[in-house]
Amino acid sequence: MSDDFKWTYSETVKEHFVNPKNILEDDASFEADGKGIVGNVKCGDQMMMVIKVDRENKTISDCKWKTYGCASAIASTSILSEMVIGMPLDEAYKLSPKDVAKKLDGLPENKIHCSVLGDKALRSAIDDYYTRSNQGEKIVRDKTIVICQCMNVTDHEIEESVLEGARTYLELQEHTKIGTVCGQCKDESIKLLKEYIKKHFE
Amino acid sequence: MTEKLIYMDNNATTAIHPEVKKTLSESMDYFGNPSSLHSLGRKAHHIIEESRQKIAKFINAEPDELFFVGSGSEANNTVLSILPCESTNHNCTSQCSKGGGIITTKIEHPCILETSKCLALKGAKVSFLDVDITGLIKNEQLERTLKDTSGLVSVMMANNEIGTIQDIKTIARIAHEGGSLFHTDAVQAVGKLPVDVKDLDVDFLTLSGHKIYGPKGIGALYVKKGVRFCPLIHGGHQEKGRRAGTENTLGIIGLAKAIEMRQIEMGQEEIRLLELKNFLRKGISDNITSVHFNGHEINSLPGTLNVSFSGVEGEAILLYLDLAGICVSTGSACASGSLDPSHVLLATGLPIELAHSSIRISLGRENTKDEVEYVIVKLKETIEKLRKMSTVYS
Numbered sequence: 031m032s033d034d035f036k037w038t039y040s041e042t043v044k045e046h047f048v049n050p051k052n053i054l055e056d057d058a059s060f061e062a063d064g065k066g067i068v069g070n071v072k073c074g075d076q077m078m079m080v081i082k083v084d085r086e087n088k089t090i091s092d093c094k095w096k097t098y099g100c101a102s103a104i105a106s107t108s109i110l111s112e113m114v115i116g117m118p119l120d121e122a123y124k125l126s127p128k129d130v131a132k133k134l135d136g137l138p139e140n141k142i143h144c145s146v147l148g149d150k151a152l153r154s155a156i157d158d159y160y161t162r163s164n165q166g167e168k169i170v171r172d173k174t175i176v177i178c179q180c181m182n183v184t185d186h187e188i189e190e191s192v193l194e195g196a197r198t199y200l201e202l203q204e205h206t207k208i209g210t211v212c213g214q215c216k217d218e219s220i221k222l223l224k225e226y227i228k229k230h231f232e
Numbered sequence: 023m024t025e026k027l028i029y030m031d032n033n034a035t036t037a038i039h040p041e042v043k044k045t046l047s048e049s050m051d052y053f054g055n056p057s058s059l060h061s062l063g064r065k066a067h068h069i070i071e072e073s074r075q076k077i078a079k080f081i082n083a084e085p086d087e088l089f090f091v092g093s094g095s096e097a098n099n100t101v102l103s104i105l106p107c108e109s110t111n112h113n114c115t116s117q118c119s120k121g122g123g124i125i126t127t128k129i130e131h132p133c134i135l136e137t138s139k140c141l142a143l144k145g146a147k148v149s150f151l152d153v154d155i156t157g158l159i160k161n162e163q164l165e166r167t168l169k170d171t172s173g174l175v176s177v178m179m180a181n182n183e184i185g186t187i188q189d190i191k192t193i194a195r196i197a198h199e200g201g202s203l204f205h206t207d208a209v210q211a212v213g214k215l216p217v218d219v220k221d222l223d224v225d226f227l228t229l230s231g232h233k234i235y236g237p238k239g240i241g242a243l244y245v246k247k248g249v250r251f252c253p254l255i256h257g258g259h260q261e262k263g264r265r266a267g268t269e270n271t272l273g274i275i276g277l278a279k280a281i282e283m284r285q286i287e288m289g290q291e292e293i294r295l296l297e298l299k300n301f302l303r304k305g306i307s308d309n310i311t312s313v314h315f316n317g318h319e320i321n322s323l324p325g326t327l328n329v330s331f332s333g334v335e336g337e338a339i340l341l342y343l344d345l346a347g348i349c350v351s352t353g354s355a356c357a358s359g360s361l362d363p364s365h366v367l368l369a370t371g372l373p374i375e376l377a378h379s380s381i382r383i384s385l386g387r388e389n390t391k392d393e394v395e396y397v398i399v400k401l402k403e404t405i406e407k408l409r410k411m412s413t414v415y416s
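From first to last, the protein sequence lines are chains D and W.
In terms of the working numbering, the first sequence has 49 at position 19, counting the first letter as 1, and numbering is strictly consecutive.
In terms of the working numbering, the second sequence has 310 at position 288, counting the first letter as 1, and numbering is strictly consecutive.
Keep in mind that the hints were calculated from the coordinates and are not lab data.
Note that the Cβ used here is the ideal one computed from N, Cα and C, for glycine as well.
Treat the hints with caution; some may be incorrect.
[What the hints assert, rightly or not] Computed footprint of chain W on chain D; a stretch qualifies when at least three of its residues, placed anywhere within it, have a C-beta under 8 Å from a C-beta of chain W:
| # | stretch |
| --- | --- |
| 1 | 43–52 |
| 2 | 76–86 |
| 3 | 89–100 |
Using the sequences and the hints, build the whole thing.
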């Protein structure tokens, strides 16, 4: 009977949720060249991606993952692992949550958060590879840094909020929803808030 | 995928009882406006009053102490709207007091929690009582809170998420000794447990139709004789001015029939449900590792089981079970569309990651032991599959 009704997510999400591809079954024997973990169990999702690199062609030769999270989080990591196998490192490095969501034939708006973590985990794994292989110079230090992982709020957005009038942590939260889930970023956000107020207004 | 869906979400809503369906289909022609003076109106009016008597009797109330509303949420909103009413000159059936405080709990249904928060913004003094790890409130905290807040105490009889049943009789006594009126949201309790408003000595009690195999869109509010009251919906003489709007004749008939069927079936049915739940609980413990049962082991609704599985997320469990034809619910944030997991589980002090990992299985009259066995098998498969891909469990 449930088949008669539209499933919560797209058929592609369903396929990758029901039959996830490239799950990392044995961490020890995989011998990853790079490994990245992002997210937080307290927020409801955490993702780990491990990659093997074809050094000659500078491509990802294998990618496996583990995810704690809902259907869209699982599907996002699964499809991402398929997307990147064989992909040049620099191309994989630029993948965005939008690319993942598009490949999944869309995600509900309140689930975009789940796919945000996938590309971050991948970038973190590539960064780890660059670090391990003495290519640290290739790591792109984003102009913006994500301060609040849960709500995906960057330092740039904190600065914007200050310019728009936020002066207290509460006002900052009203503007950006920063720290409204697990709250782990509170100290860092307050520090940045003070810095930007000082920079622009003192 | 099985042929038939296994519905184990009976705390969310229930399938209409076959006898209720029958009665409803036979009642389709009672379309007369119960306020009309002609024969069709009088017939509808008569049926409504007959229904009121049946329902009132079931909770040991007088018929004129019970009036019909559109939902449990409406009944609860109505009760909470009484205290902050500052008017002395409306259509109130008795005088409203000026302002007043509300003491409620952290595990109430959102229709109490959100309404209380809204009233707090309008100036009412509102306190939310804590619960212990089993979901029970602490009477000492209520006593202490009553020293500086009085007005209305509202504590739900049985919790919809974890099933915990409060000692309402004692709580009502404490509220009264503290100079407050007492309301209980008994939407999950009436029809599942014996409820006697006189014995419990409550001032207000909320009940609803669709949780007990009746139709949706019908509820009732018990207001003890002599207790002050102010309507939420003004503008009509219906329900003696306590709730305006043309009566939902079919809903009322359905609610009365559902209650009549509960009267016949409840005693034995709840024993059977408790056995089924214990079987399910044991099946889960015996077959799946690292599980955590939430709520009170004994003071609990017979059919409600809330359980967390370490290392997996609730929405993922729910959707895998759904694909296997099993309907349950979850306290995980992901499923609710918000970012926070169940406020009830968090209030019991359950770690946030276990709240994200929870599901609620609520059994009902149509569930069988075979179904429970199938659910145990599917649950085991699901948890094993999800744990294999989980970052936090290997």
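Open item on the list: Hints numbered earlier in the text: which of these fail when held up against the supplied structure?
Closed with: Every hint satisfied by this model.
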